[in-house]
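Chemist: Kindly produce the complete structure, drawing on both the sequences and the hints.
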Amino acid sequence: MRAPSGDCHAYLGTNKKVATMAETGLIHHDDIVADDSKRDFIFLAAGAAGAIGAASIVWPMIAQMGKAADTLALGSIEIDVSKVAEGQQLKVLWRGAPVFVRHRTATEIAEAESVDLAVLPDPATDDSRLVAGPDGALKPQYLVQVGVCTHFGCVPVGEAGDYDGWYCPCHGSHYDTSGRIRKGPAPRNLLVPPYEYVSDTVIKVG
Amino acid sequence: MSGHSTYEPKWAAARWMDQRLPIVRMGADFMTMPTPRNLNYWWTFGGILMLCLIVQIASGVILGMHYVAHVDYAFDSVQRIRRDVPYGWLMQSTHAVGASMFFLAVYMHIFRALYYGSYKAPREVLWILGCLIYLVMMATAFLGYTLPWGQMSFWGATVITGFFGAVPVVGESLQQWLLGGYAVDNATLNRFYSLHYLLPFVIAALSGLHIWALHVTGSNNPIGVSDKVKTDTLPFHPYFTVKDMLAVTVFLMIFAFFLFYLPDALGHADNLIKADPLKTPPHIVPEWYFLPFYAILRAVPDKLAGILLMVGAIAVLFVLPWLDTSRVRSMRFRPIARWFFFIFIFMCFILGWCGAETPDDNAFLGLSFYRLSQIATIYYFGYFLVILPILGLVENPEERPASITQSILDHGDKPKPEAVQAPAE
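These protein sequence lines are chains A and B, in that order. Going by this note's numbering, the residue at position 183 of the first sequence is 183; the numbering climbs one at a time, nothing skipped. Going by this note's numbering, the residue at position 64 of the second sequence is 64; the numbering climbs one at a time, nothing skipped.
Hint data in this document are derived by calculation from the structure and do not stem from the laboratory.
Some chain B residues flagged as far from chain A (calculated, every beta-carbon gap over 12 Å): (1) Ser5; (2) Tyr67; (3) Val202; (4) Lys230; (5) Leu365; (6) Val386; (7) Ser403; (8) Thr405.
Below 25 Å or equal to it, Euclidean Cα-Cα: the simulated DSS-like pairs (lysine-lysine) are: (9) B/Lys243 to B/Lys230; (10) A/Lys204 to B/Lys279; (11) A/Lys91 to B/Lys274; (12) A/Lys183 to B/Lys279; (13) A/Lys83 to A/Lys204; (14) A/Lys67 to B/Lys279; (15) A/Lys83 to B/Lys279; (16) B/Lys279 to A/Lys91; (17) A/Lys204 to A/Lys91.
Just so it is clear, the structure is predicted and the values come from calculations on it, not from any experiment. Glycine included, every Cβ here is placed at the ideal spot set by N, Cα and C.
Modeler: This is the structure in structure tokens:
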């Protein structure tokens with residue numbers, strides 16, 4: 001392998017000196033060739049070491065910005081849903097964002113169940129947004145969701161909007177009584193967090 | 001710039017230094033750049049912007065001595081700076097008002113470049129560097145606005161970082177990586193502080209390249225005809241340093257007016273309420289200098305499309321040198337284009353107005369801000385993507401003076417020599 005042409009100038013001085021040394025018999029001509037291959041080896045070895053070294057430091061520099069262990073550790077909370085009266089909503093902070101626990105009225109449940117799925121931008125049945133209790137039966141009165149608008153992350157206001165559910169004041173997204181997006185710029189329904197009933201009245205979120 | 005050095009060391013010590021590190025020569029050559037003699041006051045914003053950057057860095061470094069980047073202390077530490085730290089009120093207000101003044105100046109600078117065709121060949125790279133500076137400025141301003149940890153800080157950061165969540169497939173991971181958690185929190189505040197401290201120095205470096213590129217091509221000028229003869233130019237110092245100083249003085253008077261009489265007028269009252277992740281303010285608005293882009297974001301009902309439009313509104317500036325097909329730089333000689341330009345400025349203000357209001361509200365005559373922002377957004381993009389490309393081909397530009405010197409002579413009452421049409425450049 002030859003040295004790249006762009007580097008010729010850098011080598012020129014040395015090669016002239018080497019050539020002079022060869023002429024005067026100080027070194028043998030074969031040594032000049034050997035010198036070139038050594039230089040190629042150093043070039044490749046240093047280049048490879050540099051590339052591997054750079055790659056192995058770049059990843060930690062990127063990964064450090066991810067979620068830290070203590071942030072991940074604060075991942076789950078328990079909520080006693082029996083303390084939420086009918087028609088009320090509990091707001092709990094979970095992973096830095098509010099979780100809504102809504103005790104829905106019979107009217108709200110009926111409203112959520114009667115919607116034609118075809119009109120929904122993000123179709124989901126009301127049942128699919130609920131979690132079964134320890135007895136295996138759904139508790140439609142308790143709707144648990146992350147209170148973060150799926151548009152740009154604002155906290156929607158409860159019992160507001162055109163569909164009696166939630167309304168996001170930031171950019172005007174309307175959610176229904178099941179937390180499904182009905183109107184406005186938000187692309188998805190309010191997120192249902194991963195949770196389970198640890199007893200008849202207590203849920204564990206996260 | 002072309003031409004050899006005219007610097008002559010006056011003292012033995014200067015000569016000694018010049019033979020070892022010719023830094024004074026470099027500065028002297030830099031400051032004597034031949035500059036078109038017909039520059040008007042719209043050309044003084046470059047110098048004003050340089051001052052703005054220095055003011056922001058100086059006041060920012062000082063604020064950094066007292067600010068605490070922690071969710072529990074950030075808000076209080078800013079209040080402490082305003083109330084307890086000696087002259088803290090002055091430093092904090094200078095920095096906050098300074099950000100607005102910086103944007104005011106940069107918009108003047110950009111509009112000047114748009115009107116006089118300063119982005120056209122051979123100044124494309126100069127223009128692109130300017131666009132990059134503007135982009136980094138926007139990032140710096142956004143990061144800085146988060147630091148006082150008021151309600152607008154928090155919810156602005158939530159909305160803006162939400163943009164990254166709209167990226168298909170990797171959006172949520174990307175967003176949480178940027179935030180360092182599930183939501184805007186302490187990790188976010190810390191990294192925003194770190195980056196807010198870093199980026200001004202990136203702006204300084206980019207400004208260095210911007211000025212370097214300026215010295216290679218030379219300044220554009222109000223008639224857009226390149227300087228050709230020696231009488232077309234004057235050395236930058238002292239002619240334009242003095243002119244810039246006058247403009248800087250007027251600019252600082254406006255700055256001082258806000259600083260001493262209306263220090264919080266350009267901010268939002270909600271940002272004097274401590275950040276609360278459980279409560280969104282009824283009406284989230286960005287700082288005034290982002291309002292037009294905020295209006296573009298909200299002009300479409302789709303999240304991703306809104307973001308793409310907003311990004312596109314900046315991106316289109318980068319390719320402007322190749323969108324404008326006219327060979328005439330200055331709009332002074334483009335009778336049709338100049339009116340489209342004035343409408344463009346008007347539409348930018350309309351967008352700013354829409355960004356500050358609630359989309360569903362009535363603007364006038366039953367037209368909602370939502371529809372109004374759509375009209376203005378269409379014009380914004382239409383100006384760059386349709387009007388400028390087509391107009392350059394169909395418009396018949398007015399006769400231009402043969403040279404800068406000629407244009408100055410024509411301005412006087414001297415007999416007008418045979419007008420010679422400047423050749424296309």
